[in-house]
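Residue numbers (the numbering used here), protein chains in the order written: chain A, 1 to 229; chain B, 1 to 246.
These aren't lab readings, by the way, just hints derived from the structure by calculation.
Glycine residues also receive a C-beta, built at the ideal position from the N, C-alpha and C atoms.
Among the hints, a few may not be true.
Facing chain A, according to a computed beta carbon distance under 10 Å, are these residues of chain B, among others [as the list claims (entries may be wrong)]:
no. : residue
1   : 4
2   : 54
3   : 70
4   : 80
5   : 162
6   : 167
7   : 177
8   : 178
9   : 182
10  : 191
11  : 195
12  : 198
25 Å max Cα-Cα, derived SDA-like pairs, lysine to any residue [to be verified]:
no. : chain 1 : residue 1 : chain 2 : residue 2
13  : B       : 181       : A       : 50
14  : B       : 181       : B       : 20
15  : B       : 136       : B       : 44
16  : B       : 181       : A       : 78
17  : B       : 181       : A       : 56
18  : B       : 181       : A       : 172
19  : B       : 136       : B       : 126
20  : B       : 181       : A       : 173
21  : B       : 181       : B       : 170
22  : B       : 181       : A       : 169
23  : B       : 181       : B       : 86
24  : B       : 136       : B       : 86
25  : B       : 181       : A       : 51
26  : B       : 181       : B       : 42
Covered stretches of chain A (chain B as the covering partner; in silico rule of three or more C-beta atoms under 8 Å from a C-beta of chain B) [unchecked claim]:
no. : stretch
27  : 52-66
28  : 85-96
29  : 181-188
30  : 195-205
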Amino acid sequence: MNWLWSNLDQVGELILVHLALSVPAIILSFVVSVPIGWVAHRSRWAHGVLLSLVALLYAVPSLALFIALPAVTGLALRSPVNLVIALTLYGMAVMVRTAADAFDAVERDVLQSATAMGYSTAGRFWAVELPLAGPVLLSGLRVVVVSTVSLATVGAVIGVQSLGSLFTDGFQRGIEVEIIAGIVATIVLALGLDWVLVHVGRLLMPWSRPEVKNVRGEPPPVVKRVDAA
Amino acid sequence: MNLFLDALAWLFDPAQWSGSGSISQRIGEHLWISLVVLLIASAIALPVGAIIGHSGQGRELAIRVSGGLRALPTLGVLTLFGLWIGIGLSAPILALVILAIPPLLAGAYAGFESVDRHTIDAARAVGMRESQIVGKVELPLGMPILVGGIRSATLQIIATATLAAFIADAGLGRFIFEGLKIRDYGEMLGGSILVIVLAIVVDGCFAVTQRLVVPAGVRATRSSELRSGPARPRAVVGHAINEGNQ
Numbered sequence: 001m002n003w004l005w006s007n008l009d010q011v012g013e014l015i016l017v018h019l020a021l022s023v024p025a026i027i028l029s030f031v032v033s034v035p036i037g038w039v040a041h042r043s044r045w046a047h048g049v050l051l052s053l054v055a056l057l058y059a060v061p062s063l064a065l066f067i068a069l070p071a072v073t074g075l076a077l078r079s080p081v082n083l084v085i086a087l088t089l090y091g092m093a094v095m096v097r098t099a100a101d102a103f104d105a106v107e108r109d110v111l112q113s114a115t116a117m118g119y120s121t122a123g124r125f126w127a128v129e130l131p132l133a134g135p136v137l138l139s140g141l142r143v144v145v146v147s148t149v150s151l152a153t154v155g156a157v158i159g160v161q162s163l164g165s166l167f168t169d170g171f172q173r174g175i176e177v178e179i180i181a182g183i184v185a186t187i188v189l190a191l192g193l194d195w196v197l198v199h200v201g202r203l204l205m206p207w208s209r210p211e212v213k214n215v216r217g218e219p220p221p222v223v224k225r226v227d228a229a
Numbered sequence: 001m002n003l004f005l006d007a008l009a010w011l012f013d014p015a016q017w018s019g020s021g022s023i024s025q026r027i028g029e030h031l032w033i034s035l036v037v038l039l040i041a042s043a044i045a046l047p048v049g050a051i052i053g054h055s056g057q058g059r060e061l062a063i064r065v066s067g068g069l070r071a072l073p074t075l076g077v078l079t080l081f082g083l084w085i086g087i088g089l090s091a092p093i094l095a096l097v098i099l100a101i102p103p104l105l106a107g108a109y110a111g112f113e114s115v116d117r118h119t120i121d122a123a124r125a126v127g128m129r130e131s132q133i134v135g136k137v138e139l140p141l142g143m144p145i146l147v148g149g150i151r152s153a154t155l156q157i158i159a160t161a162t163l164a165a166f167i168a169d170a171g172l173g174r175f176i177f178e179g180l181k182i183r184d185y186g187e188m189l190g191g192s193i194l195v196i197v198l199a200i201v202v203d204g205c206f207a208v209t210q211r212l213v214v215p216a217g218v219r220a221t222r223s224s225e226l227r228s229g230p231a232r233p234r235a236v237v238g239h240a241i242n243e244g245n246q
């Protein structure tokens, strides 16, 4: 425990560095994925192509992506930007699919009513589709938050500073407490961001009541409708 | 583009394909470790998941465990085990098993649970015993989701086995760490390309398997539903297409 008390400053600094890596990646992946997910929801063809692409992205191991990406972008291997881009891509792998599902889950009748009331496509998107898809988007974003924070530590093995540096350093110097502190800090950070997100979600979406649970405690099923004749 | 040429030069250098520490040996190690981990983790997680999915008991706990472990940083677990157990394969294998359990558990219980309760009630009504319901109804109908869980667990294992080379001298990750040490980007990138190709090939095999394990009856219902289904959900019958988590 002595190590921890004498190195609290360092841990605190790494937490900030870690946030600086993961928060931009989380925001970017959300902002980029929602329109892509919406396109995938609109056309069956785009649905197949886009979702296969993001599934493929998800199959790429993180360490390999961290190393392969600079060859494409021309960035330095140890550049934090490189890591942010890679984390954004992983976030997209989860978020695009969820966004497509979220828009699919909005009732067609509601959309038709909105159109009937005179909403344009764009107006309907902002005023009806996006708010109604909100709760599902939020659930996807929560997964992105937790996995991004956890994944960012991997960058430490190629020399990008983060809470993961506590793992590599602790392993090389044989300091058990350092590794444990890193694990705990990463988990606390992930769950902390998740907590913030849930509360921001409640503020932004007061209409999303706690999920209505059926007998088995499942969330309501996402029903895909066959196109109306 | 020069970097890619370096990597290709490394990949196609015959010297890398022979002797100890060759590419083929590392691929073999990578696959072997992944398979061992998958088998151990499956032996633990699949039966537990099946019981949870069948009985509906312990579900909250399973969700918490499989969701909460997502936040656990892989590299931290690996290095901690490496420190405790020492250099060698036991530490990475143990760490990988722990990381592979959540997706397997989730796939198993979600698969068993996805089976429509009416279908199970029907099976019970025609006189099937519980063991028959598990083996003949829930397992085949839940199979696509179950295989989906094995698929994501396997990908996670393959990805993490790369990282495991940080604490053990095995697997494709060796090239990455060796290249990092001697500043040979061609070797690092070459190693990364090998890992990526391996992961994508394995994922592709699982994608095909996932299609093949959809029971014929379910497949027939589903395609007819897609093409000429009525616009409004039919009473009662409309329930039956929940399997397969479309």
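Structure versus earlier hints - violations, ascending order | The structure breaks hints 2, 8, 9, 13, 17, 24, 25, 26, 28, 30; every other hint is satisfied.
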